[in-house]
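Peer 1: Residue numbers (the numbering used here), protein chains in the order written: chain R, 1 to 241; chain U, 1 to 289; chain Z, 1 to 321.
The set of hints was computed from the structure by calculation and includes no laboratory data.
Every value quoted in this text rests on a predicted model; they were computed, and no experiment measured them.
Keep in mind that a hint or two might mislead.
Think about it this way: if two alpha-carbon atoms lie no more than 20 Å apart in a straight line, the pair counts; the simulated EDC-like pairs of lysine to aspartate or glutamate are [said to hold, decoys possible]:
id	chain 1	residue 1	chain 2	residue 2
1	R	Lys161	R	Asp146
2	R	Lys76	Z	Asp307
3	R	Lys90	U	Glu89
4	R	Lys79	R	Glu65
5	R	Lys79	R	Glu121
6	Z	Lys108	U	Glu89
7	R	Lys79	R	Glu127
8	Z	Lys108	U	Asp34
9	Z	Lys179	R	Glu65
Which residues of chain U face chain Z? A partial, calculated answer using Cβ under 8 Å [as the list claims (entries may be wrong)]:
id	residue
10	Tyr49
11	Leu99
12	Leu274
13	Ala279
Here a beta-carbon is modelled for each residue, glycine too, at the ideal position from N, C-alpha and C.
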Amino acid sequence: MAENILVVDQLTKKFGGFVALDSVSFELKENERLGLIGPNGSGKTTMINCVSGALFNDAGKVVFENQDITALPAFKRAKLGIARSFQIPKPFHSMSVIQNLLIPLEYAAWDRVDHHRLQEEAMEILELVGFQDRANENSASLTQVDMRKLELSRALAAKPKLLVSDEAMAGLSSSEVDEILEILFKLNDRGVAVIMIEHIMRAVTRFCERIVVLDAGKKIADDIAENVMKDPEVERAYLGE
Amino acid sequence: MTELFINAVVSGLLLGGFYAAVALGLSITFGQLDIVNIAHPTIVIFGAYIAYILNETFGLDPVLIGLVFAPVFYVLGMGLYRIYYYSFERTGQESLSGLAFFFGLMFIIEVCLILTFGVDYRLVSAPYIGQTWKIGFVDFPLRMTVPFIVAVVVTLAVYFYMSKTFQGRAIMAVSQDRLALQLMGADPVKVKQSALGIAIATAAIAGALLIIIQPIEPSVGRLFIGRAFAIVVLGGMGSISGTLMAALVIGVAESLISTFYGPSWAPAVSFGLLLLTLAFRPQGIFGRA
Amino acid sequence: MKINGFWIGVLIVLALGYAFTFFVDNEFYFFAVYVVLQGLIMAVAWNVLGGFTGYVNFGSAGFFAVGVYTSIALNKAFALPLPLIIVASACICGLIGLGTGYLTLRLKGVYFAIATLAMAIVFETVANNWEYVGGAAGTYVLQPENSFFFDSYVEFLFMVMVILAVFATALSRYLSISKIGQGLAAIRDDETAAECMGVPTLRLKLISASIMGGLMGIAGAPFPFFISFVDPLSAFSLLIAVNAIAMPMIGGTAYWYGPVIGALLLGTIQEITTVTISSELNLLVVGSLLVAFITLAPQGIAGLIHDLKNGRQKAKDKSHG
Chain R
1 MAENILVVDQ LTKKFGGFVA LDSVSFELKE NERLGLIGPN GSGKTTMINC VSGALFNDAG
61 KVVFENQDIT ALPAFKRAKL GIARSFQIPK PFHSMSVIQN LLIPLEYAAW DRVDHHRLQE
121 EAMEILELVG FQDRANENSA SLTQVDMRKL ELSRALAAKP KLLVSDEAMA GLSSSEVDEI
181 LEILFKLNDR GVAVIMIEHI MRAVTRFCER IVVLDAGKKI ADDIAENVMK DPEVERAYLG
241 E
Chain U
1 MTELFINAVV SGLLLGGFYA AVALGLSITF GQLDIVNIAH PTIVIFGAYI AYILNETFGL
61 DPVLIGLVFA PVFYVLGMGL YRIYYYSFER TGQESLSGLA FFFGLMFIIE VCLILTFGVD
121 YRLVSAPYIG QTWKIGFVDF PLRMTVPFIV AVVVTLAVYF YMSKTFQGRA IMAVSQDRLA
181 LQLMGADPVK VKQSALGIAI ATAAIAGALL IIIQPIEPSV GRLFIGRAFA IVVLGGMGSI
241 SGTLMAALVI GVAESLISTF YGPSWAPAVS FGLLLLTLAF RPQGIFGRA
Chain Z
1 MKINGFWIGV LIVLALGYAF TFFVDNEFYF FAVYVVLQGL IMAVAWNVLG GFTGYVNFGS
61 AGFFAVGVYT SIALNKAFAL PLPLIIVASA CICGLIGLGT GYLTLRLKGV YFAIATLAMA
121 IVFETVANNW EYVGGAAGTY VLQPENSFFF DSYVEFLFMV MVILAVFATA LSRYLSISKI
181 GQGLAAIRDD ETAAECMGVP TLRLKLISAS IMGGLMGIAG APFPFFISFV DPLSAFSLLI
241 AVNAIAMPMI GGTAYWYGPV IGALLLGTIQ EITTVTISSE LNLLVVGSLL VAFITLAPQG
301 IAGLIHDLKN GRQKAKDKSH G
């Protein structure tokens, strides 16, 4: 039996009077591929902000590798092994592609990498993503799909045990979606657990072993992909009544 | 003692009303457009010098000059936004370069005023300056009362423009609710351009009011930077009614301090309040939590 | 290799500075270079927070003046030697940087900018009312008799300034090429992303703000002995605040050598225009250069040099490939 790497327990987050997450719980096993889906405004982004530490939750617990991380700031969670990519790419635009990767290697992954091999580590990740010949390019001038690849490779450079991928494929063509999926699969092969937030259902069903569905801040389904797709409540949430 | 206290409060309120006119433009630019126009108070001083020249040469009433020049300043403000937009906002460099740009602009205006007028204090003449109404033991010097009335009228006018007209609501929406703005079919660049125009237009009037209240020299503007920002932040960033309230509070606080502790401490009041607000309640005293 | 180059440069500058005190007799040159170096330290200090981290400080004159007044007070109360006074000023201004940073660096950058502006005015008000250090009327500071092994106290101060300028530049260079500097650059580019990549953003910003304050303090500490009469107008001069921003902006904020280039260039131009034309016109030149550079060449001179080098490199790569 694989251990739980992440446990989200009764998580609640309010913005003023608006309840964005209402006592949501779910678990993630080591090396698991989980999809987090739901209509716009259902609380997906709030959830990953609470998991990665960009927001603090009002009630409930987040446990990572049996350690309660609820009160830890984002940079400490990154050091423990939680990495995320952003829906709207946020490159360090004054730096080259490889310098972008050196930041997480020097900070988040610092305790887990050989300090004399940072350049090589970064190049290895770029090779994994198929980006090796772009290493010295200016990150601000990349195309949309390349920005997404940079987001993912920078998250990889943090040497995560859990990667949260926030709509890494929105707006990409079908073949580009396949490219990104391939990267995520490679990563998962290396033992990284993945939470995928996505609107492209084809990608979610192909990639994820299990799917959690949020609607209006509540969890309405948590099952293997096939069952979730047949769930009448999920259908209602997506299509309306 | 009570008489002194009440007189201090009244003159603080009069002063505060005028501060609202200075902070009004900044409330629009900083509070609503997210443009940190640190040069705004210096533009107010520029307006004051225009009032000075025309009053000196043609004997025109300063308030009238302010009102006449408001449209001219409106056009200047629109031009300023053009430069700001094309140089910084479009390329996402407003945070560092934009700030430094307005700082440089402030400096250039101030130096140009020094080169033209020198550092001597200048003042205007109008029949009401020097007169004082008395109600019981409370003094209402017209030098303060006229600017107070004009400032409050201008603030209320902007308030109603912002809340009741289509253009005004578009300005309120431009920073908070892009979607609503799109649904209204308004072009954000045009909306912001006219908003900065209005903000700078209020500086023409505020400048005219300033030179009625006190003689000016080019560097007086610097004292108003902190005051104006303090008022905007205290007032809850971009709320026009909050700006008026905060301006009155600052005016009264300064007046009390200078009556009871001496005028040399007065500048620290607004800046101190500003620092405390930033540290402990950045959403402002009159802002929503 | 590069490290050696830098330290050789440092030695050359120190040696040149020392030689200068031997071969130059006209005191005007010491005064002029002192002012340029003071601007250089301020520019380097400002850039640690403004250029590396992306947080604008409008209150540089306030930090500088706190250094000045700490110096006056310590001199008057204990007659401490200058090196100790410099260290004390650095500590106090560093703490003020830390405190301001702690209170406002968690907010959006513009709040920090406004807070520094406000702080400068609060300090100015305090200085105007603090009679012990002269109040609004100002105070005279006597130059100590002992000028060590220099011909005059001005020459001694000049050499102190050379050393402080070299120290500030070396510190800022170390910051920019170290891991901390990379973290600061990440914060400047995107703070949220930096935090998620493990960069302790608040801690680094506080370090950066403290160093900024401390360096401004050391720029101010020798000033009372240099100018011998200090009043709030000279200590809180707007020109100091403007130069602290204009020099890095013109020189290029992203590189450690940007503010150095900007300060040497702008400082020299200012000394020349002040002497030959007028001090007001000099101010106009600074302001216009600042605005022109920000709008037309936001990367500054260092950025232009960098692009030029890169362009050549690329052309080379192409001709080879």
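Peer 1: Each hint: holds or not?
Peer 2: Going through the hints against the structure:
1. R/Lys161 to R/Asp146: 23 Å, violated
2. R/Lys76 to Z/Asp307: 36 Å, violated
3. R/Lys90 to U/Glu89: OK: R/Lys90 and U/Glu89 at ~18 Å, within 20 Å.
4. R/Lys79 to R/Glu65: Distance ~13 Å between R/Lys79 and R/Glu65 Cα, so the pair holds.
5. R/Lys79 to R/Glu121: 17 Å, holds
6. Z/Lys108 to U/Glu89: Judged against 20 Å, a Cα distance of about 17 Å means the pair holds.
7. R/Lys79 to R/Glu127: 23 Å, violated
8. Z/Lys108 to U/Asp34: Holds: Z/Lys108 and U/Asp34 sit about 11 Å apart, inside 20 Å.
9. Z/Lys179 to R/Glu65: Violated - the C-alpha atoms of R/Glu65 and Z/Lys179 are around 28 Å apart, more than 20 Å.
10. Tyr49: At 16 Å from the nearest chain Z Cβ, U/Tyr49 fails the 8 Å test, so the hint is violated.
11. Leu99: 5 Å, holds
12. Leu274: 5 Å, holds
13. Ala279: 4 Å, holds
Hint compliance for this structure: hints 1, 2, 7, 9 and 10 are broken, all remaining hints hold.
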